[in-house]
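J.: Keeping their order, the protein sequence lines are chains A and B.
So that you can map any letter, position 270 of the first sequence is 270 in full-length UniProt numbering, and since no number is skipped, the others follow by simple counting.
So that you can map any letter, position 21 of the second sequence is 21 in full-length UniProt numbering, and since no number is skipped, the others follow by simple counting.
No lab work stands behind these hints: they were computed from the structure.
As the structure is a computational prediction, the values presented were derived from the model and not from experiment.
Among the hints, a few may not be true.
Every beta carbon over 10 Å from chain A, so not counted as near; a handful from chain B, in silico [what the hints assert, rightly or not]: (1) 30; (2) 210; (3) 244; (4) 246; (5) 250; (6) 296; (7) 357; (8) 363; (9) 364; (10) 404; (11) 431; (12) 440.
Some chain A residues close to chain B (C-beta under 10 Å, calculated; not the full set) [stated by the list, open to error]: (13) 110; (14) 118; (15) 225.
Interface residues of chain B toward chain A, partial, derived using beta-carbon atoms under 10 Å [said to hold, decoys possible]: (16) 44; (17) 45; (18) 144; (19) 230; (20) 253; (21) 254; (22) 307; (23) 358; (24) 371; (25) 373; (26) 374; (27) 378; (28) 412; (29) 415.
Beta carbons: idealized from backbone N, C-alpha and C, even for Gly.
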Amino acid sequence: MTTLDQIAAPNRRRRFGSLTLWAGIALVGIHIAVGLLTVVWSPYDPSGMTGGRLEAPSWLHWAGTDRLGRDFLTQIMIGSRIALIVGTGAAAIGAIIGVTLGLLAAFATKLLDDAFAATLDILIAFPTLLIAMLVVAAADTANLGSAIFALGIALSAIVARLTRILTKRVLLLDYITAARTSGTSWLGIVFRHILPNIWPTLSVSFALQFGLAAIAEASLSYLGLGAPPPNASWGRLLQEAQGTVYTAPIGAIAPGIALVSLVIGINLLADGLRDSVDPTRRAR
Amino acid sequence: MSHISRRNLLVAALLASVAVSPAVFAQDFDADATIRIGSLYEPQNLDNTAGAGQGINEAFNGNVYEALFQLTDAGAVEPKLSADYTVSDDGLVYTFTLKQGVTFHSGEPLTAADVKYSIERVTAETSKSSRKKSLSTITSIETPDDATVVITLSTRSISLPYNLSYVWIVNDAATDITATEDGTGPYSLEEWRRGSALALSRFDGYWGDAPTNGEVIYTYFTDATALNNALLTNAVDVVTSVQSPDSLAQFTGNPAYTVTEGASTTKELLAYNDRVAPFDNVKVRKALARATDKAKLLNFIWGEYGTLIGSFVPPTDPWYVDLTAVDAYDVESAKALLAEAGFPDGFEFTLDTPDYDPHPIVAQFLQAEYAKIGVKVNINIITANEWYTKIYQEKNFQATLQEHVNHRDIVFYGNPDFYWGYNNPEVVKLVADAEAAGSVDEQTAKLTEANKLIAEDAAGNWLYLYPQIVVSAATVTGYPVNGLNSQFFAYDIEKAK
Numbered sequence: 001m002t003t004l005d006q007i008a009a010p011n012r013r014r015r016f017g018s019l020t021l022w023a024g025i026a027l028v029g030i031h032i033a034v035g036l037l038t039v040v041w042s043p044y045d046p047s048g049m050t051g052g053r054l055e056a057p058s059w060l061h062w063a064g065t066d067r068l069g070r071d072f073l074t075q076i077m078i079g080s081r082i083a084l085i086v087g088t089g090a091a092a093i094g095a096i097i098g099v100t101l102g103l104l105a106a107f108a109t110k111l112l113d114d115a116f117a118a119t120l121d122i123l124i125a126f127p128t129l130l131i132a133m134l135v136v137a138a139a140d141t142a143n144l145g146s147a148i149f150a151l152g153i154a155l156s157a158i159v160a161r162l163t164r165i166l167t168k169r170v171l172l173l174d175y176i177t178a179a180r181t182s183g184t185s186w187l188g189i190v191f192r193h194i195l196p197n198i199w200p201t202l203s204v205s206f207a208l209q210f211g212l213a214a215i216a217e218a219s220l221s222y223l224g225l226g227a228p229p230p231n232a233s234w235g236r237l238l239q240e241a242q243g244t245v246y247t248a249p250i251g252a253i254a255p256g257i258a259l260v261s262l263v264i265g266i267n268l269l270a271d272g273l274r275d276s277v278d279p280t281r282r283a284r
Numbered sequence: 001m002s003h004i005s006r007r008n009l010l011v012a013a014l015l016a017s018v019a020v021s022p023a024v025f026a027q028d029f030d031a032d033a034t035i036r037i038g039s040l041y042e043p044q045n046l047d048n049t050a051g052a053g054q055g056i057n058e059a060f061n062g063n064v065y066e067a068l069f070q071l072t073d074a075g076a077v078e079p080k081l082s083a084d085y086t087v088s089d090d091g092l093v094y095t096f097t098l099k100q101g102v103t104f105h106s107g108e109p110l111t112a113a114d115v116k117y118s119i120e121r122v123t124a125e126t127s128k129s130s131r132k133k134s135l136s137t138i139t140s141i142e143t144p145d146d147a148t149v150v151i152t153l154s155t156r157s158i159s160l161p162y163n164l165s166y167v168w169i170v171n172d173a174a175t176d177i178t179a180t181e182d183g184t185g186p187y188s189l190e191e192w193r194r195g196s197a198l199a200l201s202r203f204d205g206y207w208g209d210a211p212t213n214g215e216v217i218y219t220y221f222t223d224a225t226a227l228n229n230a231l232l233t234n235a236v237d238v239v240t241s242v243q244s245p246d247s248l249a250q251f252t253g254n255p256a257y258t259v260t261e262g263a264s265t266t267k268e269l270l271a272y273n274d275r276v277a278p279f280d281n282v283k284v285r286k287a288l289a290r291a292t293d294k295a296k297l298l299n300f301i302w303g304e305y306g307t308l309i310g311s312f313v314p315p316t317d318p319w320y321v322d323l324t325a326v327d328a329y330d331v332e333s334a335k336a337l338l339a340e341a342g343f344p345d346g347f348e349f350t351l352d353t354p355d356y357d358p359h360p361i362v363a364q365f366l367q368a369e370y371a372k373i374g375v376k377v378n379i380n381i382i383t384a385n386e387w388y389t390k391i392y393q394e395k396n397f398q399a400t401l402q403e404h405v406n407h408r409d410i411v412f413y414g415n416p417d418f419y420w421g422y423n424n425p426e427v428v429k430l431v432a433d434a435e436a437a438g439s440v441d442e443q444t445a446k447l448t449e450a451n452k453l454i455a456e457d458a459a460g461n462w463l464y465l466y467p468q469i470v471v472s473a474a475t476v477t478g479y480p481v482n483g484l485n486s487q488f489f490a491y492d493i494e495k496a497k
């Protein structure tokens, strides 16, 4: 019995792991498809005041209308696009800045590296949203670009720390010493040995960062610091629905579900990715 | 008294006045009741000359502090601490006789010196009072005896009694009134817990009729939904001003609550910087006015509530005339006017939009409306503080949205240095002449004329007049329904036993 269980367990986990991966891909895929669709088509003109005030869901307006009589489904769909743009943009900026800084720190002298690690710890101690708010406040006007940039900066500290730790671990391995003694340049070591080695773990981190950025953008927009109208960010939709939550609850529920489904999708995707790249979780 | 439409304002006022009459409900109310008032407007401090915000008027005007005159909830100016006054023939010297037997909460009697001190507090260099300018014609204040105040003016000022209704009479011995008080009103300050509540208790030495309740607590909320929930859970008795029609659905038709719609003086304004192109061109301003479907906007924002206005003057001001027909909604003529003004393909401008409701949603409406005539609106969301510095002080903007709460504030259009920079010499003269008028009729005629001129010039785009909606538990009656200048007199409020 015992023997059978021990053999069966990793298999079950593996099957479950691939299931989470596929569920994640499906959820995120829906958002990507919807986001791409809105570039060429949406049910209504997003700023077209085609209906009455706060209409209930109907055949004409599947999710009803907002206070200005605009089709709510259209806004939610465009919200997918905004969330994806911000998530991708912020994760990319965070990755570029974070990985560069992390690599530099790992290669630096002990003193510099310590100072760097301490700075990162301080930065990470601040909530992502707070740092993003500071960056937006420093910029003159709030727009989609400033929100992406702010979140990218805020996320880069986390990436930098992870990159630094992973790189240092790889640097201790024998084949790096071998590469060094054989005269490979630092850049060569980074691109040929380090990045391919730390990439699987980093990619999981990027997926998580993407989810964080999507939530943080919604929070920024909720506070009026995100993309300005008419960009239909889910956070702004939630904020605008706040006063009408009793009379038209769908206004708060729909963007909430959209945001949650994207973030859950991303997290499942990240979990699935980790299971497939993490050697300790891989089925033997 | 269930929901009352704006068409029945008079009826509402009548009903309210019946409701406060003690003879009708004698002994039906608890004379020592605590009235809990829920509000969104916590004062920044307790001094109305120190930038305390509208919340201090709500809590203190008429309740803790009194003035020589009082602006009643119906809009009339009545004597309060002034027993009588005379005006010299040239209109430059006002002699006020003070009421006898009035004491401050500290126990000191009211004297002419206190009145002089209080007026000078408002006109002082350091004062942040919005009414400072309107009292600038005062050249001297004399106090020949303890009960007489003589005010001399440089030019005639027919609104002096009205303007004095904003001047709290403060004990001249009081040092710092930003966190304490020493007034003559029917309530004294019991406790102020910053960020949460302000409690007033009945002042037993009050010179006039005693309040019909024992204590008043203003509880402050930052979120309208939380405020409504407080009323639903019986944590407050009255909500001073409901800011969205959607929360009303919970109260209308429910016999446990009373919803009243009174006359507000709060105007939603799209203000242009009339100094800068293209808004210095009257045709452009008229075109934008004609491209704005205000009826549709009002319906989107307030449902069945609120009133359309054709200028800056609400119906409660004496110089109101219906000007909604001037530059009425007409997209085709708007396009034609834009073409005449040299913008056949429209133009682009930045709309600085305060970040709180309803401005962002109004901005989106305008963005969609103006796109129809080729005008591109870029919405720039700013905070209330940024609005004050960037727009009010530095006048560095193209167009902005703002709610203007004051009563009788058409005079702002007679000041070319005001933030919107409207400068029509005719209006400037009419506003000045109205102030120097010999009679109220003359003043009214001149300001009515000015009112028509600013409407013809489309000096601003007056989108709509907010409704003033008060919701209370049905057991509570006698509160003001109009809330002019954000006042909320609490002394006639009765709570059923």
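J.: Does each hint hold? Answer for all of them.
T.: Hint check:
no., hint, verdict
1, 30, "holds, 31 Å"
2, 210, "holds, 39 Å"
3, 244, "violated, 4 Å"
4, 246, "violated, 4 Å"
5, 250, "violated, 6 Å"
6, 296, "violated, 7 Å"
7, 357, "violated, 7 Å"
8, 363, "violated, 7 Å"
9, 364, "violated, 5 Å"
10, 404, "holds, 22 Å"
11, 431, "holds, 36 Å"
12, 440, "holds, 41 Å"
13, 110, "violated, 45 Å"
14, 118, "violated, 34 Å"
15, 225, "holds, 8 Å"
16, 44, "violated, 21 Å"
17, 45, "violated, 25 Å"
18, 144, "violated, 56 Å"
19, 230, "violated, 14 Å"
20, 253, "violated, 13 Å"
21, 254, "violated, 13 Å"
22, 307, "violated, 17 Å"
23, 358, "holds, 9 Å"
24, 371, "holds, 7 Å"
25, 373, "violated, 14 Å"
26, 374, "violated, 15 Å"
27, 378, "holds, 8 Å"
28, 412, "violated, 27 Å"
29, 415, "violated, 29 Å"
Comparing the model with each numbered hint stated earlier shows that hints 3, 4, 5, 6, 7, 8, 9, 13, 14, 16, 17, 18, 19, 20, 21, 22, 25, 26, 28, 29 do not hold.
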